[in-house]
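> Here the protein sequences line up with chains A and B, keeping their order. Heads up: the first sequence runs through residues 1 to 400, numbered per this note's numbering. Heads up: the second sequence runs through residues 1 to 400, numbered per this note's numbering.
One copy or two, it doesn't matter: identical chains are merged, so the pair holds either way.
With a Cα cut of at most 30 angstroms, we get these calculated BS3-like pairs of lysine-lysine:
hint, residue 1, residue 2
1, K248, K347
2, K90, K135
3, K129, K347
Read the hints as simulated data drawn from the structure, not as lab findings. These figures come from a predicted structure and were not determined experimentally.
There are 2 protein chains.
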Amino acid sequence: METAAIAAFTPPVRTLMGPGPSDVHPRVLAALARPTIGHLDPQFVVLMDEIKALLQYAFMTRNELTIPVSAPGSAGMETCFVNLVEPGDKVIVCINGVFGARMRENVERCGGQAVVVEDAWGAAVDANKLEAALKAHPDAKVVAFVQAETSTGAESDSATLCALAQRHGCLTIVDTVTALGGTPVRVDEWGMDAVYAGSQKCLSCTPGLSPVTFSERAVARIKQRKTKVQSWFLDLNLVMGYWGSSQKRTYHHTAPVNPLYGMHEALLMLRQEGLENAWARHWRYHLALRAGIEAMGLRFIVDEPRRLPQLNAVTVPPGIDEAQVRQRLLQDYHLEIGAGLGGLAGKVWRIGLMGHACSLKNVLYCLGALDAVLTGMGASINPGQAVAAAQAQWSHGAGK
Amino acid sequence: METAAIAAFTPPVRTLMGPGPSDVHPRVLAALARPTIGHLDPQFVVLMDEIKALLQYAFMTRNELTIPVSAPGSAGMETCFVNLVEPGDKVIVCINGVFGARMRENVERCGGQAVVVEDAWGAAVDANKLEAALKAHPDAKVVAFVQAETSTGAESDSATLCALAQRHGCLTIVDTVTALGGTPVRVDEWGMDAVYAGSQKCLSCTPGLSPVTFSERAVARIKQRKTKVQSWFLDLNLVMGYWGSSQKRTYHHTAPVNPLYGMHEALLMLRQEGLENAWARHWRYHLALRAGIEAMGLRFIVDEPRRLPQLNAVTVPPGIDEAQVRQRLLQDYHLEIGAGLGGLAGKVWRIGLMGHACSLKNVLYCLGALDAVLTGMGASINPGQAVAAAQAQWSHGAGK
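Use the sequences and the hints to build the structure in full.
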């Protein structure tokens with residue numbers, strides 16, 4: 001490409017209702033643009049300490065090792081595996097969607113042996129199957145599963161799965177990328193050991209950072225490793241020297257200063273709203289969206305008790321080219337919703353209601369746009385019902 | 001820490017003249033705050049293509065695989081090693097500072113066998129020693145070295161070292177973190193194979209991204225690997241599907257959207273200034289700084305022909321507590337300069353003149369502040385000479 005013609009990039013203003021990134025609050029965008037300071041500046045150490053404390057709040061934990069990894073959620077996942085899995089270790093991996101499968105990849109690339117417990121895409125992880133695997137593999141050292149499967153919108157029961165793992169002497173690695181800030185992640189109460197999340201989902205921060213937290217048991221395991229962590233960049237023995245509690249921080253890598261300004265602001269907003277209020281908000285607007293989706297005649301692929309309010313996988317009406325629908329929504333409405341992944345490609349849309357994007361405005365806008373586009377394409381839906389149904393549900397929920 | 005009392009973080013406005021991050025231009029900060037779009041948005045694909053083209057310009061290469069890794073420079077380094085080194089591979093690592101030593105760590109964590117060629121800190125890599133090592137180890141597959149040692153300010157001769165490596169059938173991995181945008185990095189002309197840089201040095205972008213470029217030879221090696229890359233996140237076979245040239249981008253990880261806005265703007269500014277002009281600017285202000293430093297009676301630890309203009313390692317006067325000097329500069333002048341690392345800790349300061357921070361204003365301010373603080377502490381320097389000497393050198397250089 002000829003570079004002489006390149007001009008400043010001015011992105012369109014989208015409404016982000018896919019599987020993430022979600023809409024970023026103006027406060028967070030403004031924070032990103034604050035002046036850069038050094039990654040060893042005493043004021044930056046203050047920022048780091050506050051981010052750690054705010055992440056402890058978000059994760060509901062007192063874990064000392066609670067920090068943002070300087071890279072996206074996939075690197076947060078990898079941080080958990082490379083630090084806790086040594087060559088030859090047996091790891092039980094529960095797979096019920098894309099991200100469970102990625103966990104298996106991680107185990108194998110660490111030289112571990114993955115024992116797979118499979119459930120259908122859209123279902124939660126079955127605790128009975130996990131228990132059977134734990135009994136069949138008493139030498140397993142780690143259990144890994146996804147609490148909130150971003151590819152399907154199914155929620156698994158972390159409390160039960162972690163208790164089971166602990167009873168069989170296993171540590172747990174849990175993916176809460178889509179959960180954190182939208183639905184409960186009770187790290188200490190549920191006895192989770194290594195937990196990673198993403199910045200760009202219900203925290204409504206920009207993508208690029210991955211909050212993680214490790215229990216004392218997990219930290220002890222890391223300190224007792226017989227082999228070096230295969231990643232220098234993600235080696236928590238080294239990272240702890242920089243993010244640790246001592247006054248003197250040892251340089252490891254250069255932290256992403258401005259993105260951390262954004263994360264601080266996003267976490268502060270979550271603290272100001274209150275976790276419980278944020279969870280309630282996600283449910284309230286999910287119910288409004290659900291009323292609209294069902295009034296249209298579409299359905300959810302995840303059964304109610306295990307459905308995540310923030311990630312709504314909705315079936316595509318028969319005979320409709322789903323990609324064309326998304327294209328029209330993007331072009332005509334500047335509205336982004338997500339496609340299906342893997343076996344669900346072409347069959348579902350994933351509508352995100354995450355963080356700042358989880359609002360009445362977005363619910364009504366999305367339903368109106370989807371209704372109009374589908375009607376225009378001759379889809380077999382009930383046209384013109386969705387917005388009113390959502391509005392009625394919202395008024396009802398608000399006690400009006 | 002109690003979170004209830006945490007307020008918005010408002011960083012102080014520093015002058016960043018350490019080893020990076022350097023001062024970020026207001027245009028780059030403003031770009032960071034632009035509205036977030038999805039990482040698969042068609043407009044985002046436009047941004048990705050433009051960033052690739054601008055990076056090709058900065059690296060002086062036509063390499064197709066020229067992208068920013070979604071993490072800091074240390075992850076860029078790791079990307080090169082995990083993709084090019086397989087277990088058992090012999091890698092010649094040239095060490096003349098902190099970052100060469102980190103390269104050896106990377107080789108070993110990939111299961112490779114590191115053969116070390118050592119030079120003194122502050123010296124350049126000795127081509128004769130490398131040649132001897134290549135002759136002694138005809139089975140070596142890769143040569144790794146640091147073109148611009150951020151820990152000392154010494155520049156090694158990439159053209160000669162890469163030609164040597166190529167003559168012995170080795171690929172090269174080259175660290176240009178501190179070089180890119182400040183001094184020449186002629187990837188194609190010099191036959192470099194895998195090159196990584198940082199966003200927060202002479203590109204004057206915020207920290208958190210690492211531009212990398214890979215030759216066709218390197219890409220062929222990666223495609224022919226017998227083993228999987230040990231990092232899923234950094235596996236270029238997968239990353240290429242997302243950053244590749246095809247119209248259809250395959251989701252790998254969620255790219256750090258807003259930091260990439262900043263990188264686009266920073267690269268655009270480099271393109272608008274012109275590489276050659278940027279290099280000349282770094283030399284011109286280095287010469288002004290040098291005049292001031294020498295007028296004060298301090299000296300550089302790197303000999304002239306191999307001295308990087310953008311990273312000035314300067315000796316601490318005898319009897320002076322260097323940390324106290326930096327503390328006063330930070331507190332009284334909001335000016336950050338860098339400490340020495342490793343064996344140079346306590347003995348040198350590292351004064352950065354990188355990218356947007358490489359200006360007459362910064363040179364004069366830094367010299368004035370250092371002069372005043374050192375004089376105040378009773379250091380044996382020639383007081384009151386530095387600023388005038390720099391000013392005279394600058395006027396002379398400007399032909400005035």
